[in-house]
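Protein sequences appear in the order of chains A and B.
Positions in the first sequence are counted from 1; adding 2 to them yields the numbering used here.
Positions in the second sequence are counted from 1; adding 48 to them yields the numbering used here.
Derived by calculation from the structure, the hints in this document are not laboratory data.
All values derive from a computational prediction rather than experimental measurement.
Note that CB positions come from ideal geometry on N, CA and C, so glycine has one too.
Accuracy of the hints is not assured; some may be wrong.
Partial chain A-side listing against chain B, Cβ under 7 Å, derived [said to hold, decoys possible]:
#, residue
1, Ala55
2, Gly381
3, Ser384
4, Gly408
5, Gly409
Distance windows between CB atoms, simulated [claimed, not checked]:
#, chain 1, residue 1, chain 2, residue 2, range
6, A, Leu227, B, Gly582, 26 to 34 Å
7, A, Leu227, B, Gly505, 35 to 43 Å
8, A, Glu302, B, Phe362, 37 to 45 Å
9, A, Asp234, B, Glu330, 54 to 62 Å
10, A, Gln413, B, Thr162, 56 to 64 Å
11, B, Gly364, A, Arg231, 30 to 38 Å
12, B, Gly586, A, Val350, 49 to 57 Å
13, A, Gly154, B, Lys333, 34 to 42 Å
14, B, Gly586, A, Gln413, 30 to 38 Å
15, A, Pro354, B, Asp413, 53 to 61 Å
Over the 12 Å line for every Cβ pair with chain A, so calculated as not near, a few chain B residues [stated by the list, open to error]:
#, residue
16, Gly145
17, Thr168
18, Asp193
19, Gly297
20, Asp305
21, Ala344
22, Thr440
23, Leu450
24, Asp452
25, Ser485
26, Pro508
27, Thr510
28, Ala559
29, Thr575
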Amino acid sequence: MAATFSRRTLLGGAAGAAALGAIGAVTASTATAAGDLRVYVLVVDGCRPDEAAGEHLSAVRDLAAQGTSFSQAKSITVAETIPNHVAMMSGVLPERSGVPANSVWDPARGEVRDLGEAGDLKTSTILDRLPAELGLTTASVLSKDYLFGVFGERASFRWTPEPMLPITNHAPDIFTMGAALDMIDDHDPALMFVNLGDVDRFGHADLSGSSLKILRTLALIDTNLQLERFVDHLKDKGTWESSVVILLADHSMDWSLPLSIINLTGAFDDDPLLADNVTIAQNGGADLLYWTGPEESRAEAIVHMRQIAEATEGVLSVHDPAELRLGTNAGDVVAYAKAGWRFTDPSVVSNPIPGNHGHPATEEIPFVISGGHPSVVRGQVSSAPAHTMDVAPTVASLFGLSAPEGGWDGQARTEAFQGALVGS
Amino acid sequence: MSQVFDRRSVLKASGVAAAAAAVGGAVATASDVWAADGEPAFAHGVASGDPLPDAILLWTRVTPTPESTPGSGQGPTVEVAWEIATDNAFANVVGSGKVPTGPDQDHTVKADATGLAPATTYYFRFALGDVVSGVGTTKTAPAADAAVAHLRFGVVSCSNLPQGHFAAYRYLAERGDLDAVLHLGDYVYEGGGGGVRPHDPPHEIVTLADYRQRHAQYKTDEHLLRLHSLVPFVATWDDHEVANDAWSGGAENHQPDTEGDYAARKAAAHQAYFEWMPVRNESDKIYRRLRFGLLAELSMLDLRSYRSEQADPFDGDVDDPNRTITGPEQMAWLTDGLTSSTAQWKIVGNSVMIAPVLIPPLPKDLLGPLLKLLGLPEEGGVVNPDQWDGYTADRGRLLDTLADNGVRDTVFLTGDIHSSWACDVPRDAGAYPGSPSVAVEFVATSITSDNIDDITGLPPRTVSKVIEGALTGLNRHIKWVEVDSHGACVLDVTPAAAQMDWYFLANKEDAASALSYARSYRVRTGTQKVQRVGSPAGQGGA
Numbered sequence: 003m004a005a006t007f008s009r010r011t012l013l014g015g016a017a018g019a020a021a022l023g024a025i026g027a028v029t030a031s032t033a034t035a036a037g038d039l040r041v042y043v044l045v046v047d048g049c050r051p052d053e054a055a056g057e058h059l060s061a062v063r064d065l066a067a068q069g070t071s072f073s074q075a076k077s078i079t080v081a082e083t084i085p086n087h088v089a090m091m092s093g094v095l096p097e098r099s100g101v102p103a104n105s106v107w108d109p110a111r112g113e114v115r116d117l118g119e120a121g122d123l124k125t126s127t128i129l130d131r132l133p134a135e136l137g138l139t140t141a142s143v144l145s146k147d148y149l150f151g152v153f154g155e156r157a158s159f160r161w162t163p164e165p166m167l168p169i170t171n172h173a174p175d176i177f178t179m180g181a182a183l184d185m186i187d188d189h190d191p192a193l194m195f196v197n198l199g200d201v202d203r204f205g206h207a208d209l210s211g212s213s214l215k216i217l218r219t220l221a222l223i224d225t226n227l228q229l230e231r232f233v234d235h236l237k238d239k240g241t242w243e244s245s246v247v248i249l250l251a252d253h254s255m256d257w258s259l260p261l262s263i264i265n266l267t268g269a270f271d272d273d274p275l276l277a278d279n280v281t282i283a284q285n286g287g288a289d290l291l292y293w294t295g296p297e298e299s300r301a302e303a304i305v306h307m308r309q310i311a312e313a314t315e316g317v318l319s320v321h322d323p324a325e326l327r328l329g330t331n332a333g334d335v336v337a338y339a340k341a342g343w344r345f346t347d348p349s350v351v352s353n354p355i356p357g358n359h360g361h362p363a364t365e366e367i368p369f370v371i372s373g374g375h376p377s378v379v380r381g382q383v384s385s386a387p388a389h390t391m392d393v394a395p396t397v398a399s400l401f402g403l404s405a406p407e408g409g410w411d412g413q414a415r416t417e418a419f420q421g422a423l424v425g426s
Numbered sequence: 049m050s051q052v053f054d055r056r057s058v059l060k061a062s063g064v065a066a067a068a069a070a071v072g073g074a075v076a077t078a079s080d081v082w083a084a085d086g087e088p089a090f091a092h093g094v095a096s097g098d099p100l101p102d103a104i105l106l107w108t109r110v111t112p113t114p115e116s117t118p119g120s121g122q123g124p125t126v127e128v129a130w131e132i133a134t135d136n137a138f139a140n141v142v143g144s145g146k147v148p149t150g151p152d153q154d155h156t157v158k159a160d161a162t163g164l165a166p167a168t169t170y171y172f173r174f175a176l177g178d179v180v181s182g183v184g185t186t187k188t189a190p191a192a193d194a195a196v197a198h199l200r201f202g203v204v205s206c207s208n209l210p211q212g213h214f215a216a217y218r219y220l221a222e223r224g225d226l227d228a229v230l231h232l233g234d235y236v237y238e239g240g241g242g243g244v245r246p247h248d249p250p251h252e253i254v255t256l257a258d259y260r261q262r263h264a265q266y267k268t269d270e271h272l273l274r275l276h277s278l279v280p281f282v283a284t285w286d287d288h289e290v291a292n293d294a295w296s297g298g299a300e301n302h303q304p305d306t307e308g309d310y311a312a313r314k315a316a317a318h319q320a321y322f323e324w325m326p327v328r329n330e331s332d333k334i335y336r337r338l339r340f341g342l343l344a345e346l347s348m349l350d351l352r353s354y355r356s357e358q359a360d361p362f363d364g365d366v367d368d369p370n371r372t373i374t375g376p377e378q379m380a381w382l383t384d385g386l387t388s389s390t391a392q393w394k395i396v397g398n399s400v401m402i403a404p405v406l407i408p409p410l411p412k413d414l415l416g417p418l419l420k421l422l423g424l425p426e427e428g429g430v431v432n433p434d435q436w437d438g439y440t441a442d443r444g445r446l447l448d449t450l451a452d453n454g455v456r457d458t459v460f461l462t463g464d465i466h467s468s469w470a471c472d473v474p475r476d477a478g479a480y481p482g483s484p485s486v487a488v489e490f491v492a493t494s495i496t497s498d499n500i501d502d503i504t505g506l507p508p509r510t511v512s513k514v515i516e517g518a519l520t521g522l523n524r525h526i527k528w529v530e531v532d533s534h535g536a537c538v539l540d541v542t543p544a545a546a547q548m549d550w551y552f553l554a555n556k557e558d559a560a561s562a563l564s565y566a567r568s569y570r571v572r573t574g575t576q577k578v579q580r581v582g583s584p585a586g587q588g589g590a
């Protein structure tokens, strides 16, 4: 089909012009801009929908007014940072990507660890496929070390996050955005993937999160400035009209009081079968439970784990990881916390932070497709059930990149654009 | 044109329409409702309801013989024909059928027209012999997975016939832009007595014949008939469809010693309701869910049939976890639906207020009318135990479900309390605004039922403002309350926001009274908080 946005087709000369001519709705100016198409995926880590609509994120509201926002957007479960960033760039569910949560039990190493290594991601992403298949350049500017790690060398250009704050272990947004702007100026990637970590990191640490949200609010104000800086930069550079900006969160955030904690390790230790035979990968609002005892006892142990977890105050629900399509490294049982509660395993002091996510209360996210590109539909709000895993197929449609082997699990959000899209 | 609905029939229908119109202005009594020449008549109008993407429920009542008056139990069994078309000339009929009816159904007729197209306007009518009913207009719901940009509903409650005229229904009929009318209960009242217009029968209704006769009287009000003929209804009941402050086993306004077994009265009231209202019903169950594309899902509740008895306002235990307002089955149905819905806006048709309301300390002269409005004894009370405030365990279950599962864009639409409210619904009202709001509530005022200025006899917008200020001052999540005015509301729904517009009557005792725009609140998607808007939807609102 015609190549509305494909640089390759436009560079193809007469054939490309003929293809464009087949789309009545695409104007000459659109076609010209399409040749310079740039897509920027900006993740405001941990941002809640009410914050995106609120007084402190005027830049998000402005982008929404100039584009399409999705009022039913959600993260994939588990609502954690690494799996949702992987979903954005891979377009597939954890059972295929190999990344179901931030933290999993690694039986080979005998430890619970973050999935922050390049080998943890088992599928292709648009960061590596766009260069390999279409010859386009991509870039990643990610504020957290484990995100930098899990995407490895997939992008054509990568920023090493620095300086890292000692407690939050992320690069502040002012530096991350500085790096993103430098990336544009120095390398002009066709696709750039940016994670802004302040809202999440200061939200985690905000002891007033269940009331005044002091740190969180300061972070929102600063992140808003960085988003304004980004848009201004593109406009000053004269590339706004050729840009598509996808702004979303990976998950939202929920705050718990100090005594609203769930410690399943202690509950399991009281059960003769489970004691010392269960390992828990604690992910804030979700626990991944792994049976590490004899294989012949696994089925019985799963029944015990489920029964004990379901009876524990603060637990919302328990699930089979296969039912959630999380893959084999997500363990034997997944437990979710209720809103206002958090898991702390293995000990009651393992998770002292008030702000958490991973549970269903934190799946709702802002999701906006905007930018100056003339094909972006302006001022639209869509009830379509968008997900983080929709980013990759949407970007792929814009550039004319085919679906990966096995297809996308996400869906291209074509309603955000007018005119036919490549690959749609 | 079908054989049943031939030219002669249509000409006859004109005569019937003229006869019905002659009833006009005032309402008719049971003996007025058949055609003057003794021919069969469709004197109670036509109606439609419960729109689905492919079906709509059509309703009418035929009076086949002069003695077949409502509630009489007299008259023959007859077969009424119906047809539905895409044009009001019935050139393109897409569905038709015949429905038997007789004294066992009080000669009411329900036909479920199926095989229809989604989001489509249709025209329908009925015939018995040569006599044809007036033409009704209706509209199906959008397809379940359709991207819907806009919906608009009329929202009404509490239409007490002796306490005024139904000019608010006329206003909604004249708008011409409604997808449906949501009636949140107290469609009829059980009391006897006079007022602006006397009830028929003149005594408190108790028997099946009484309830049938009362429904029939309401369906001779010209404004209500017109609205029914133009817009599909989605209705639920509150207490007055049976008796005041009803609960599963009784009612405040039911005295077993003189009025008999409550279960029999409730069964009679429900039978008459299902006969006379355009609602689908499975046995005696009225709570149900309707879908309007990806944009909205509407859950209509029944908060009377399964609830525990109201707690004593002074020594009752409103927090008793064993007490229920929904019943466990309906609660599971509601929470499952809210958490699994793929529609954006979760609209809940909710007959009594769910937002917590602490009753403020007020001078006796002001507290008395407020307590009367709330149905509380003169000695007062901290909360109104007839609302969700009297069933805090069930409210906690519901609000926790919304919070725990990250359910957003839930809107409770409420009636019952004869006044106008816009509220955030916090999980913990005591900690609000620190405790987040998990939903919003818009309360529609009454069509006619009395409120503060009627109770006090004082001019509106005088002492009521003191009451309103005390309510919002003590209850920070209540953003607006107005306790004087009557009228109708319009809920406008888009993917960006849901906005409630209140329209108030100038004079409820005047059938020709005008309504004027009063106020608007909206909730923007993802926020769970109401926000005042300066103009009605479509004029700079949602």
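Evaluated hints:
For Ala55/A, the shortest C-beta to C-beta distance to chain B is roughly 5 Å, which falls under 7 Å, so the interface hint holds. A cut of 7 Å between beta carbons decides the hint on Gly381/A: the least distance to chain B is about 9 Å, and the hint is violated. Because the beta carbon of Ser384/A sits about 6 Å from the nearest beta carbon in chain B, less than 7 Å, this interface hint is met. The beta carbon of Gly408/A is not positioned within 7 Å of any beta carbon in chain B (closest approach about 24 Å), and the interface hint is therefore violated.
Proximity of Gly409/A to chain B is violated relative to the hint, the smallest CB-CB distance being about 20 Å (cut-off 7 Å). The hinted window of 26 to 34 Å between Leu227/A and Gly582/B holds, with their beta carbons roughly 30 Å apart. As the Cβ distance of Leu227/A to Gly505/B is approximately 59 Å, the hint placing it in 35 to 43 Å is violated. For the pair Glu302/A and Phe362/B, the beta carbons lie near 53 Å from each other, so the given range of 37 to 45 Å is not met.
As the Cβ distance of Asp234/A to Glu330/B is approximately 60 Å, the hint placing it in 54 to 62 Å holds. Range check, Gln413/A to Thr162/B: Cβ separation about 32 Å, and the 56 to 64 Å hint is violated. Gly364/B and Arg231/A have their C-beta atoms about 59 Å apart, which leaves the hinted 30 to 38 Å range violated. The beta-carbon spacing between Gly586/B and Val350/A, approximately 55 Å, falls within the hinted interval of 49 to 57 Å.
Taking the beta carbon of each, Gly154/A and Lys333/B are about 58 Å apart, not inside 34 to 42 Å as hinted. In this structure, Gly586/B and Gln413/A meet the distance hint of 30 to 38 Å, their C-beta atoms being roughly 31 Å apart. Between Pro354/A and Asp413/B the beta carbons are some 55 Å apart, a value that agrees with the proposed interval 53 to 61 Å. Under the 12 Å C-beta cut-off, the non-interface status given to Gly145/B relative to chain A holds; the minimum distance is some 35 Å.
No beta-carbon of chain A comes within 12 Å of the beta-carbon of Thr168/B; the shortest separation is about 20 Å. For Asp193/B, the non-interface assignment is contradicted: its Cβ lies about 10 Å from the closest Cβ of chain A, within the 12 Å cut-off. Gly297/B, annotated as away from the interface, keeps every beta carbon of chain A farther than 12 Å; the closest lies near 34 Å. For Asp305/B, the condition that its CB be more than 12 Å from all CB atoms of chain A holds, with the nearest at approximately 48 Å.
Not every Cβ of chain A is farther than 12 Å from the Cβ of Ala344/B; the closest lies at roughly 9 Å, contradicting the non-interface assignment. With a cut of 12 Å on Cβ distances, Thr440/B stays outside the contact zone with chain A, its closest approach being about 18 Å. The claim that Leu450/B lies off the interface is violated: its Cβ sits roughly 9 Å from the closest Cβ of chain A, which falls inside the 12 Å cut-off. Consistency note on Asp452/B: stated as away from chain A, yet its beta-carbon is not over 12 Å from all of that chain's, at 4 Å minimum.
Annotated as non-interface, Ser485/B brings its C-beta within 12 Å of a C-beta of chain A; the closest such distance is 9 Å. Listed as a non-interface residue, Pro508/B keeps its Cβ farther than 12 Å from every Cβ of chain A; the least gap is roughly 35 Å. No beta-carbon of chain A comes within 12 Å of the beta-carbon of Thr510/B; the shortest separation is about 36 Å. At roughly 40 Å from the closest C-beta of chain A, the C-beta of Ala559/B stays outside 12 Å, upholding its exclusion from the interface.
Not every beta carbon of chain A lies more than 12 Å from that of Thr575/B, the smallest distance being close to 5 Å; the non-interface claim is violated.
Hint compliance for this structure: hints 2, 4, 5, 7, 8, 10, 11, 13, 18, 21, 23, 24, 25, 29 are not met, and every other hint is.
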